[in-house]
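**Q** Sequence:
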Amino acid sequence: MNTAVQTFANHRRLPPLAFALAFVALTAEVIVRGIALAQAPSLASAWAVVIAASLLVIAYYARRNSQMVQDRLILLEMRRRLERLLPAERHGDIARLSRPQIIALRFASDAELPTLISDTLTQTLTATAIKQRITTWQADWHRV
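Each step along the sequence shown adds one to the number in the working numbering, with nothing skipped, and position 58 is 58.
Be aware that a few hints might be false.
Said to hold, decoys possible - Result set (SDA-like, lysine to any residue): computed pairs, CA atoms no more than 20 Å apart in a straight line:
#1 131 with 89
#2 131 with 121
#3 131 with 115
Since the hints were made in silico from the structure, they are not lab data.
Whole structure, please, built from the sequences with the hints as guidance.
**A** The structure is reproduced here in structure tokens:
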């Protein structure tokens, strides 16, 4: 686990370089195979384009789906956390928050969450605006 201090400035994580290189390589492969198919049509060339394109789609959805699962877990964790922190009369506020707002609020400390939620709802803050207002940052090093 990372022990560095996480802030608004450094909280975004890029996927490892291997993912980016694989995506570029697969995209290039689709293009090269497509050109080869156009120049000399054959069943083998067509099949190579299909396989390369399929791998590209699989890579995209593997990344996208892992982020969707993480978002769902964050929503579940945050709803439970907010139910614990907010008084019962404010539980309705949880349902008024959008998914991006709840995901952004996960970085806030327990002490500042109630005020930040009020500000978010009254001022319709974006996820970025929420993160910029957080003073005591709770790190999330596990997001991929």
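**Q** Take the C-alpha atoms of residue 131 and residue 121, compute the straight-line distance between them, and say whether it is at most 20 Å.
**A** holds, 14 Å
**Q** When you check the alpha-carbon spacing of residue 131 and residue 89, does it fall within 20 Å?
**A** It is violated: about 25 Å lies between the C-alpha atoms, which goes past 20 Å.
**Q** Is residue 131 within 20 Å of residue 115, Cα to Cα?
**A** Judged against 20 Å, a Cα distance of about 13 Å means the pair holds.
In this structure, the one hint that does not hold is number 1.
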